[in-house]
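For reference, the chains in residue letters:
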Amino acid sequence: MTRGQSPCVSYFTNKERAATTAELPLFQRNKTLKNMQERSFKLEQACMDLVVGGLETTNSCGRSLAGEIVFDNRQKQQQHYIMSIRYQKLKEEEEGQFDPSVEFGNRAAQSEESVAGPSTEKKFDFEEFHLGTAPAGKIGSPSSQTTNSQPIGDHTFEESRVGEQPVASSRIWNVEYYRFLFNVNTEDVRSRCKRTLKPFPNDFFHHIESNPDLWGPFWISTTLVFTLAAVGNITQWIKFHFNETSGFTWNYNEQKLNVAAFLIYTYMGVIPSLVWAVWKYLQADLGFPNVLCLYGYSMFIYVPVSILCLIPSTFFHWIFNVCGAMASTAFLVLNFYPILSTNKKFGFVLIVLIGVLHFALGSFQVYFFVGQGKLSRLEML
Amino acid sequence: MMQNMDVEDQPAQAEPTKMNTLDEPVLSTLWRDISRVGYKLFHVLIPRGYSEKALRDWDLWGPLVFCLALALVLGGDLAVQVFIIVALGSIVITLNSILLGGKVSFFQSVCLVGYCIFPILLAAIICTFVNIPLGSKSWAIFFNIGFAAGGFVWSVWASVGFLSAAVPDHRRLLAIYPVILFYAALSWLVLISYKQTGGRGTIGGSSSSGNSTTPTNGTLSNGL
Numbered sequence: 001m002t003r004g005q006s007p008c009v010s011y012f013t014n015k016e017r018a019a020t021t022a023e024l025p026l027f028q029r030n031k032t033l034k035n036m037q038e039r040s041f042k043l044e045q046a047c048m049d050l051v052v053g054g055l056e057t058t059n060s061c062g063r064s065l066a067g068e069i070v071f072d073n074r075q076k077q078q079q080h081y082i083m084s085i086r087y088q089k090l091k092e093e094e095e096g097q098f099d100p101s102v103e104f105g106n107r108a109a110q111s112e113e114s115v116a117g118p119s120t121e122k123k124f125d126f127e128e129f130h131l132g133t134a135p136a137g138k139i140g141s142p143s144s145q146t147t148n149s150q151p152i153g154d155h156t157f158e159e160s161r162v163g164e165q166p167v168a169s170s171r172i173w174n175v176e177y178y179r180f181l182f183n184v185n186t187e188d189v190r191s192r193c194k195r196t197l198k199p200f201p202n203d204f205f206h207h208i209e210s211n212p213d214l215w216g217p218f219w220i221s222t223t224l225v226f227t228l229a230a231v232g233n234i235t236q237w238i239k240f241h242f243n244e245t246s247g248f249t250w251n252y253n254e255q256k257l258n259v260a261a262f263l264i265y266t267y268m269g270v271i272p273s274l275v276w277a278v279w280k281y282l283q284a285d286l287g288f289p290n291v292l293c294l295y296g297y298s299m300f301i302y303v304p305v306s307i308l309c310l311i312p313s314t315f316f317h318w319i320f321n322v323c324g325a326m327a328s329t330a331f332l333v334l335n336f337y338p339i340l341s342t343n344k345k346f347g348f349v350l351i352v353l354i355g356v357l358h359f360a361l362g363s364f365q366v367y368f369f370v371g372q373g374k375l376s377r378l379e380m381l
Numbered sequence: 001m002m003q004n005m006d007v008e009d010q011p012a013q014a015e016p017t018k019m020n021t022l023d024e025p026v027l028s029t030l031w032r033d034i035s036r037v038g039y040k041l042f043h044v045l046i047p048r049g050y051s052e053k054a055l056r057d058w059d060l061w062g063p064l065v066f067c068l069a070l071a072l073v074l075g076g077d078l079a080v081q082v083f084i085i086v087a088l089g090s091i092v093i094t095l096n097s098i099l100l101g102g103k104v105s106f107f108q109s110v111c112l113v114g115y116c117i118f119p120i121l122l123a124a125i126i127c128t129f130v131n132i133p134l135g136s137k138s139w140a141i142f143f144n145i146g147f148a149a150g151g152f153v154w155s156v157w158a159s160v161g162f163l164s165a166a167v168p169d170h171r172r173l174l175a176i177y178p179v180i181l182f183y184a185a186l187s188w189l190v191l192i193s194y195k196q197t198g199g200r201g202t203i204g205g206s207s208s209s210g211n212s213t214t215p216t217n218g219t220l221s222n223g224l
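Those sequence lines, one after another, are chains W and R. Letter 329 of the first sequence, counting from 1, is numbered 329 in UniProt numbering, and no numbers are missing. Letter 40 of the second sequence, counting from 1, is numbered 40 in UniProt numbering, and no numbers are missing.
Pulled out of the complex, with its shape left as it was, chain R reads as follows (with noise of 0.2 Å):
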């Protein structure tokens, strides 16, 4: 009896649940994977023992977004550096690991760089707000050196945790180097986004006279 009950059960249920994800508000769709972006976040950045399971199933949505979000606030010539890094690196730092012997799944890997990139994120972010009320004071570029830096540690130390235990013992520092590299290069893309204050200006942008006379010899940096 039981078990007639149940069969009947299953298949008055499976259609509800179709007709549930069509039928569900907008944002509860949105919502559902912004939270798993979040929690997978959470846990890349602050790990913890079951850290790995979370990122079994990755997903390239973090990435994406972040990748988008840092060219956005870094602006003008330095969103297509920072796209160029970031595509060619994550397939660069999967494919390094992957040769050196690592049991560690492709995607995975990409997953796991990409969302270790959000800390630089939030170091462009702040670079961004403290620059507006310091402008072009020469000692301010010393606050972005140290956020930069901190945006960099925090990357490199959360993504090292997870790729280390992926390649042999003997090998970790050959895996994780290119990590360290990595970062490096979108940390220092933070760090000399420091002359745009407040503006969208490019990094070549005159701001005063000096060696930019040449008038009609438009710098490949004068305009984007």
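Chain W with its partners taken away, still in its complex shape (with noise of 0.2 Å):
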């Protein structure tokens, strides 16, 4: 092999050469190809004994007839050779410095969901979490939410889950774009209504931070609802008929639907709201489905007191909406308690009032059991 020639040109001989262009006859040309041939296969091995090496063959070595079969086993073998590097830096970064905006970036880019994706992502954010970094409960912010991990003990992120739901292609006026606010399943909404019969510990914020939903509000409240209305006729119709000689007609009252649907509606609309906005004007880091959340659940304790109050007896009616009233205004003030970091003492003040107003709710639903079926003073109001 002369220096500065490539290894295959110089390999065949003038000899072989005329062989391939038809200037030698027929009988020469047929022997000449045959050990053409056989060289060139020789040299295709060295060649890609070369090329494994990573040493790289002229560009001239892919125009002689060997070099074609060369050039083409060369560029398999390249591209062999890549993907195995890229096979070796993939389990690099599995294994070892995980950079997690590069690699969940590179599998947003890919917008397929490989079979490696979700054990990843389960990687990611467990770490995550071991960094302190879990995202806050926004309004807005579906893309940044939920995260899937296992229970760890009984404290943290058992609600958390992965973004099943796509968010990125709806927008504002979709149906499909508020599917975050209602990312839980039966376990999760029945652990949280089991939170909200014990006040203490005071970490209902610290477990829906980053998955709040409205299924719970909005359905209990509803439920709430039609069992006062519901019961509260009921109650009066059982009271009449272990009372017959009272003098009373027992009418259905229809006004206590009205009644109850504009009290409830009306407080689960208005009040949060003033709440939150005030939280903010305090600076706290409070997000509006969260406070929602919270007062929303926080309504699941008289549900059961209202079908408790089926005893006819107006004693107990006072005692049960009375317990029922405290234990919900305690569990609802008792996690706002933490959300006081700045401002006390104005902070303090919001969180009495919140109690008050709850409270009063609380104890006002005793007027669905109470009464004689239909108060003729109000209803002109």
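Watch out, some of these pointers could steer you wrong.
[Stated by the list, open to error] Residues from chain W that face chain R, not an exhaustive set, calculated with beta carbons under 7 Å: (1) 182; (2) 185; (3) 186; (4) 281; (5) 288; (6) 340; (7) 344.
[What the hints assert, rightly or not] Computed footprint of chain R on chain W, listed as stretches where at least three residues anywhere in the stretch have a Cβ under 8 Å from a Cβ of chain R: (8) 174 to 181; (9) 216 to 225.
Just so you know, these hints were derived from the structure itself, not from any lab. For every residue, glycine included, the Cβ atom is placed at its ideal position computed from N, Cα and C.
Assemble the dimeric complex from its two separately framed chains, guided by the hints.
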């Protein structure tokens, strides 16, 4: 092999090169070609060894007959080599230093959910929690939510989950945009309801932080409206039928449904908005869905209280309703307490106001059970 | 040759079919829609394996007819409540399913919820007929309770089968609970209508004396 010349070009003799161009008679051509083929095969092997070792052959190698075969193989070998290096890189990144933004960005760009996707995301979020950078539940941030992790003991993040529903393409006037507010399972709702029954530990905000839901507030309020109206009337009917001598006629009081609906829905619509606005003014880091969520779930205890009021005794009605109001208010107030950080005096007054309002609502529910069917005086209002 | 015959046949046939739907007797036009409603109703109430297909072409005639019928049967005050509950309720239930991640088309779900009102309509009709002979006997209410409960259970059973398939597994109860609430509200309306014995009296109608001694303060429920 002479210097400066590619190994392929100088490998074939002139005679051999002539054989490729029909300058020799046929029988000689065939034999030469056969020899060339054998030698090109060996050349191929040699070149492949060179390539796998990482050395490049020059372009002129591609021009000769054998070189074309080698060139083809070289490309394949190069591709194989490049793929193997990428694979190595991926393995290193998975095991060693993990750069979540890059990796997550890469996965988003691919826009395919590979099999490896969920597992790496899981790991990603697990590490993120260790770094203590859980996203806060702010409104309008559906993409920054919801991470999937196994429940760690009983305390943390059992109610967070992967954004199973894609939000990227939805606009604010689509129904699908609001799916991030309903990203809960039956188990989550059940556990959140159970949490409202014990005011201590007061970490409700901590639990719903990354995943406030509006399913609970809306349907608990609606259930409460119907329960108050229905049970109120049933209690009146039971009282009537056990006290036949009282001289009253029992008439179904459909006003109860109207009053209940007005009361509960207005309360749930107006008060949390005001409360959230004031907390925002006090520079507390509180999202509006979180406040709605807390208020909504705090109503949960009124539902069994109403059903208990089927017992037709005014005394028990008062006891049940006042106790229910106290329990619910305690839950609400104690959960607002950790938010107090700045401007303590004003915040304290606010919390007291919240408590008073909620207690008033709870106690007023006695009206549904204690009244005598219709309030003839109040109707004219 | 065969192709030529087909081409010739087509234009000749297109027009007669158009004329047929205009020319056909009114009864057959009506019957076509009624039979479609009936077919869907049958499949909704007694679900079979191929019921999914029956519901795919939704229509809102069925729900409207049942809602109207229920309002007429319950009468008076309650008619307004029926309309409000059915209209708002079906929309809210559908929105709830969609928001929970369900892959269900809006109108299909509204259609389904509306069709499943039929058992409650049946219960209302039976209750009305049962109350005529029984009148204002106080134990008549137990008949009402029985029929209303039966209608409720049937409605919920019919609609749960379709709706629960649309929503992810671990959220099934979250999607079904509003449906239960909806039919419970309608059954409650059927139940409280028992005071109307035969006529179209209002619920708060003063049948006997008692606390309706305020004469001119026309309580809101005393007339409609």
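Structure-based check of each hint:
1. At about 4 Å, the closest approach between the beta carbon of residue 182 of chain W and any beta carbon in chain R falls short of 7 Å, and the interface hint on this residue holds.
2. The interface hint given for residue 185 of chain W is met, as the beta carbon of that residue sits about 4 Å from the closest beta carbon of chain R, less than 7 Å.
3. Of the supplied interface hints, the one on residue 186 of chain W holds, with its beta-carbon coming within about 5 Å of a beta-carbon of chain R, less than 7 Å.
4. The beta carbon of residue 281 of chain W is not positioned within 7 Å of any beta carbon in chain R (closest approach about 31 Å), and the interface hint is therefore violated.
5. Annotation: residue 288 of chain W was flagged as interfacial toward chain R, and the flag is violated, the nearest CB pair being 17 Å apart, outside 7 Å.
6. Given hint, residue 340 of chain W at the interface with chain R, is violated; its Cβ is 33 Å from that chain's nearest Cβ, farther than 7 Å.
7. Look at residue 344 of chain W: its Cβ only gets to about 39 Å from chain R, farther than 7 Å, so that hint breaks.
8. Proximity of the segment 174 to 181 of chain W to chain R, defined as three or more residues with a beta carbon under 8 Å from a beta carbon of that chain, is established by the 5 residues found.
9. Residues of the segment 216 to 225 of chain W with a Cβ under 8 Å from some Cβ of chain R number 3, which satisfies the need for three, so the listed coverage holds.
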